[in-house]
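Peer 1: Numbering-wise, our numbering comes out as the position in the sequence shown, counting from 1, plus 4.
FYI, nobody ran anything at the bench for these hints, they're computed from the structure.
Treat the hints with care, as some may be off.
[Said to hold, decoys possible] Keeping only pairs whose Cα atoms sit at most 35 Å apart, straight-line, the calculated DSBU-like set for lysine-lysine is: (1) Lys-233 <-> Lys-51; (2) Lys-51 <-> Lys-359; (3) Lys-233 <-> Lys-162.
[Unchecked claim] Here are the simulated distance ranges between beta carbons: (4) Arg-44 <-> Leu-99: 32 to 38 Å; (5) Asp-219 <-> Asp-119: 41 to 47 Å; (6) Ile-244 <-> Gly-142: 41 to 47 Å.
Just so you know, even glycine gets a beta-carbon here, dropped at the ideal spot from N, CA and C.
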Amino acid sequence: MVSPNLPAETDVFVVGGGPAGLGAALAARRNGLEVVVADRARPPINKACAEGLMPDAIAALHRIGVEINSDHGMPFRGIRFIEKQVEAEASYPRLHGFGVPRSTLHQLMVDRVNDAGITTLWHTRIDAIAPSGVVVGGRTVRCRWIIGADGFHSRVRKWAGLRPRWTGARRIGFRRHFHVRPWTDFVEVYWHAHGQAYVTPVAPNTVCVAIVSSDSRVDMTSLPVFFPKLAARLEDAQAIGPERGAISMTTRLDAVTRGRIALIGDASGSVDAITGEGLALAFRQADLLGAALAAEDLAAYATAHRRIGRIPRLMARCLLLMDGNERLRGRALSALAAHPRIFDRLLAAHIGELKPTEVAYDVIALALRILAPGASSPTPASAVVRRQ
Numbered sequence: 005m006v007s008p009n010l011p012a013e014t015d016v017f018v019v020g021g022g023p024a025g026l027g028a029a030l031a032a033r034r035n036g037l038e039v040v041v042a043d044r045a046r047p048p049i050n051k052a053c054a055e056g057l058m059p060d061a062i063a064a065l066h067r068i069g070v071e072i073n074s075d076h077g078m079p080f081r082g083i084r085f086i087e088k089q090v091e092a093e094a095s096y097p098r099l100h101g102f103g104v105p106r107s108t109l110h111q112l113m114v115d116r117v118n119d120a121g122i123t124t125l126w127h128t129r130i131d132a133i134a135p136s137g138v139v140v141g142g143r144t145v146r147c148r149w150i151i152g153a154d155g156f157h158s159r160v161r162k163w164a165g166l167r168p169r170w171t172g173a174r175r176i177g178f179r180r181h182f183h184v185r186p187w188t189d190f191v192e193v194y195w196h197a198h199g200q201a202y203v204t205p206v207a208p209n210t211v212c213v214a215i216v217s218s219d220s221r222v223d224m225t226s227l228p229v230f231f232p233k234l235a236a237r238l239e240d241a242q243a244i245g246p247e248r249g250a251i252s253m254t255t256r257l258d259a260v261t262r263g264r265i266a267l268i269g270d271a272s273g274s275v276d277a278i279t280g281e282g283l284a285l286a287f288r289q290a291d292l293l294g295a296a297l298a299a300e301d302l303a304a305y306a307t308a309h310r311r312i313g314r315i316p317r318l319m320a321r322c323l324l325l326m327d328g329n330e331r332l333r334g335r336a337l338s339a340l341a342a343h344p345r346i347f348d349r350l351l352a353a354h355i356g357e358l359k360p361t362e363v364a365y366d367v368i369a370l371a372l373r374i375l376a377p378g379a380s381s382p383t384p385a386s387a388v389v390r391r392q
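Assemble the whole structure, with the sequences as input and the hints as a guide.
Peer 2: If you want it as structure tokens, here you go:
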């Protein structure tokens, strides 16, 4: 059945109503364009993810009109890496991140979309793209611009003839919530030869636990085997809701626009979840795309898309190199634990607070410490650096 809200025409038609699609819709609307969003699901749309929004994601959401505060989740002040007896932590330089349940974030964005007067077509399948617009239920909605925000397996991308040029290792992620008082105001990343486990505080009595691995044996039931320290924290915690799974990988396209079609979010390429930057990238893309649509210049969006993706892709390569090399990972984590100020500056660069050129010396200094002859893991007494 065709929705009674289906208009005959619009300026922008967004295919995909997840965070990336809603972000693009809000950005386009803030630039004075009429917008329609369609998705096969109904809100709030949930998806497996670690649920940590770093400061750059919060800032990007603010620019498109979405405000995140303590009513929506729990603040955290940095990242902590943990493996065996080694712990290294880095704090954000100015702002903090928020742990926000994915369903809460999606509903918040849906509310903002409704407030903005954007037409939403939920539980609606898109049939095809036509020369004059988008085909829905046999009817064509005429539009100037089509935005593909329909994820990894984007149909819009396929219809536009845009395919990934490069695809990295495919990993699987699992996520579950646990009823337990958060024991930290950091996002904790537990490392193991078989993957990573992420802990994000998302409510006063709830943490989100996500596991990402290329090993099919690693899931929530294997926490005591691969991540015993984390399993001990959760020993008496009650699991909340079902376990969810998703694919995590890095992909890159030669082009993210064709004619009047633009791609955003995972449809436009992705970075492995190990960076924690997937949503931040999507929201930054949305802000840039909204301005490009208003200026009728998708070439500007394509250029900006390439630029803002460079650092996250580089970080994904570096972190996945650590994931696959136990000796390198041990040396790197030990160096970060011993030199927390370097870790602070690298994290600041990761979220855009410092330019890459401003941390070049720190990168060199860290590399020299990692590669120095005789470098090894610190003793347990010196491995953990705590800063108040």
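Peer 1: It remains to establish, for every hint, whether it holds in the given structure.
Peer 2: Comparing the hints with the structure gives:
Simply put, Lys-233 and Lys-51 have alpha-carbon atoms about 26 Å apart, close enough for the 35 Å limit, and the pair holds. Only pairs whose Cα atoms come within 35 Å are accepted, and Lys-51 paired with Lys-359 is accepted, the gap being roughly 32 Å. Among the hinted pairs, Lys-233 with Lys-162 is inconsistent with the structure: their alpha-carbon atoms are about 44 Å apart, more than 35 Å. Checked against the hint of 32 to 38 Å, the pair Arg-44 and Leu-99 passes, with Cβ atoms roughly 35 Å apart.
In this structure the hint that Asp-219 and Asp-119 lie 41 to 47 Å apart at CB holds, the actual value being about 44 Å. Separated by about 42 Å at the C-beta atoms, Ile-244 and Gly-142 satisfy the suggested range of 41 to 47 Å.
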